[in-house]
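*Asks:* Chain by chain, the residues:
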Amino acid sequence: MNKKKVISLIVRYSVYGLVALFFFWAISNNYFGYIFSESSTFLLLVKQHMQLVLVSSALALLVAIPGGILVTRKSFRRAEWVVSNTVNLGQTIPSLAVLALMISILGIGFQTAVFALFIYSLLPMYRNTVAGIDSIDENLIDAARGMGMKPVQILFRIELPNAAYSILAGVRTAIVLNIGTAALAYVVGGGGLGVWIFTGIQLFDNGYLISGAIPVTLLAIFVDYLLRLLERRIVPEGSRPPQEL
Amino acid sequence: MDKWIKFLEINASRIFDLTIEHAILVGAAILVALLIGVPLGIYLTTNDYLAETVLQIASVMLTIPSIALFGVMIPVFSIVNLGIGFVPAFVALVLYAQLPIIRNTYTAIRNVDPEMRDAAIGLGMKPIQRLFRVEIPNAFPVIMAGIRTAVVINIGIGVIAAYIGAGGLGVLITQGITRGDNYLIITGSVAVAILAMIADGFLIWIQKRYTPKSIAN
Amino acid sequence: MITFDQTTKTYEGGVTAVKGVDFTVEKGEIVVLLGPSGCGKTTLLRMVNRLETISDGKIMIDGEDSMSLDSIELRRKIGYVIQSNGLFPNMTIEENVMIVPDLLGWSKKKKKERFKKLMDMISMSSDEFGKRYPHELSGGQQQRIGVIRALAADPPVMLMDEPFGALDPIIREKIQDEFLQIQKEVNKTILFVSHDIDEAIRMADKIVLLRDGELMQYDTPSEMLVRPKSEFVREFFGKDRAIKSLSLHTIRELQDIIGLAEFDEGIEDTITINVNHDLRNTLSMLLNQEADQVIVIDDDGNKLGAITIDIVQKYLHFEIKAKPTLVQKG
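Protein chains in written order, with the working numbering: chain S, -2 to 242; chain G, 1344 to 1560; chain C, 37 to 366.
No lab work stands behind these hints, which were simulated from the structure alone. No false leads were mixed into what you were given.
Every beta carbon over 12 Å from chain G, so not counted as near; a handful from chain S, in silico:
| no. | residue |
| --- | --- |
| 1 | Thr38 |
| 2 | Val60 |
| 3 | Pro63 |
| 4 | Ser81 |
| 5 | Asn136 |
| 6 | Ala161 |
| 7 | Leu165 |
| 8 | Leu226 |
Below 30 Å or equal to it, Euclidean Cα-Cα: the simulated DSSO-like pairs (lysine-lysine) are:
| no. | chain 1 | residue 1 | chain 2 | residue 2 |
| --- | --- | --- | --- | --- |
| 9 | C | Lys113 | S | Lys71 |
| 10 | S | Lys147 | C | Lys94 |
| 11 | C | Lys145 | C | Lys220 |
| 12 | S | Lys147 | C | Lys145 |
| 13 | S | Lys147 | C | Lys148 |
| 14 | C | Lys152 | S | Lys147 |
| 15 | C | Lys147 | S | Lys147 |
| 16 | C | Lys167 | S | Lys147 |
| 17 | S | Lys2 | G | Lys1469 |
| 18 | C | Lys94 | C | Lys242 |
| 19 | S | Lys147 | C | Lys146 |
| 20 | S | Lys0 | G | Lys1469 |
| 21 | C | Lys94 | C | Lys55 |
| 22 | S | Lys147 | C | Lys63 |
| 23 | C | Lys113 | C | Lys144 |
| 24 | S | Lys147 | C | Lys153 |
| 25 | C | Lys210 | C | Lys153 |
| 26 | S | Lys147 | C | Lys144 |
| 27 | G | Lys1469 | S | Lys1 |
| 28 | C | Lys167 | C | Lys147 |
| 29 | S | Lys71 | C | Lys55 |
| 30 | C | Lys152 | C | Lys220 |
| 31 | C | Lys94 | C | Lys113 |
Yeah, the Cβ is synthetic: ideal placement off N, Cα and C, and Gly gets one too.
All chains should be built: construct the whole structure from the sequences, respecting the hints.
*Replies:* Shown next as structure tokens:
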């Protein structure tokens, strides 16, 4: 074993150690207690959280990907600049503000949170769809046209498979971001695990805080991992970036 | 419109103070993140094992929801009596800024044309000269892109820091939510957006100013 | 057969890329579109399968006006090969090659057989490469796959846009030869864009030399080399065009017409050359080796005679320059 490998292993295990130390500390202070003593509330919050994420992400998927495809068609190219800049500008508005502003339009509750999360998920999905399709070598499209492929065939057989890596990465980013933003749904009365985090902060109750924060974190990390696995299965072998091969 | 003017007249100095507070929080966090991230990113190009480990850790770090990370900072820093306020928010922001900075530095230095590196070696440059005269100048635009991403992310996340008493523009938004006052929410949001655009614009200016003309396209 | 009838291309801004070009590519011929960059050769090629619109005039394919056909139908009947090979990274080699048959709805069995046959043509194993992806192949292999993909549905016409331009010279020559062999078998009507004079001379039955969208000369390579019709053509082929013309002739042709020299048995370690080599290579060998003579052998290694610089020069002067029309390629 060489020195570089040793340094890498030391770093890796110190991080594992820190994480273990954190859990040991949290467990010995019984900070996860509420998960068990109020398990039905906990499960309800988890369910609410997942509903928020699923519904808003699914809606965003249905709008952002077809939108990205549409904007990259020849006849809509001119709209791309306008659409992209609007979406980019939207992203500089803080997620908390998007949620808060929705209150005055939609009132308080689940729908408000879902709508805000939906708006917030659009950008990563849309941007990566456009970038993925734009990055395809012009020559491929030229070859496809020259062989007599129809525009629809070019889209489904060439453009989408070759943009799949980028599109799915955008979907993953959006969903993982969404899990975190959904923790803010509490401020608009949307429920979810954020309820315990905010309760914990407001009451200085570390138990609620940790019992809310750690499950959200684990959920985000787990979903990220799951979606990466999915990407590996879906993206055609030949169109993955070199380091993934 | 009159209402707006009146609102801004009353609150102008407070908005200004909070903007400065926000900028200092983010600025300090980015500065420290740079001092850690850039040298680390450069070092990683010499150790592939460590590169994999560090990039993995940093990417997991970025998936941690911001309110959760801020929340967890409270009990952790309570141990040293710094539970709420500037310090936990600052530490969380430093952590969030790491991935884009480390990753971009690492990729940029690695992607410097091997022939250019060979030429530098052939000219008899020492490794440190090569780094400062060849590798960093050529990697500069990509490193700057990473810093810009980190800054924009941090300005957005900095809003959440208001919940753990770190101040900044998030205060306007959180107060607006509790009071049901849209003036406060909108003002806070617009101020954050403007701050992000100014910071990004400033960094683009630096990037253009210091990118060698021959590689700027 | 492809007929260009006053074919013209004018862009929106008023720039004319192709000006009233007239010529015919006969069935089974390779016609190379040659000229400096910006001469309109690629535009002209892309007008055939209507990737570029025709502003004025006509292009007829087997007597049918190309504009009267549906553009999708038209393109499926025309093979198309481009410089950057255009292989789809998301598809395996087999899927890439079989894409047009697939679009045409061929059966699985028919596709399988066709793929094997095409891969045999370029001496690549269909079992070994079928399931691989383009990035796993070398540049030369990718380009050969690009060529057989265009041949897949057996289109009567092929368009090739600098198909071998990105390859290094040694591999390029090998693939050019291989392609000429395939062409003998498949006998396609081919329009071929090149900016490389040597490639044009090697590949072409006829060359179309273009300048600023205008046809300067349409002739066989040897005619063009020996009897350029204008100063532009003369300069384009350069001062060494006489030497270039030597590449159109083999030692065997020379032997048949003026005969070889007796070889000197006394000289040890003499260099040998196959009788099927072209005269340009032979000449450069004579010059590079500083040898007075090179022994000519046939495929079985029998010594047929010797060749010298003098003999090559004599052939150049009295046979090529004096009787250019006699000379026909391959």
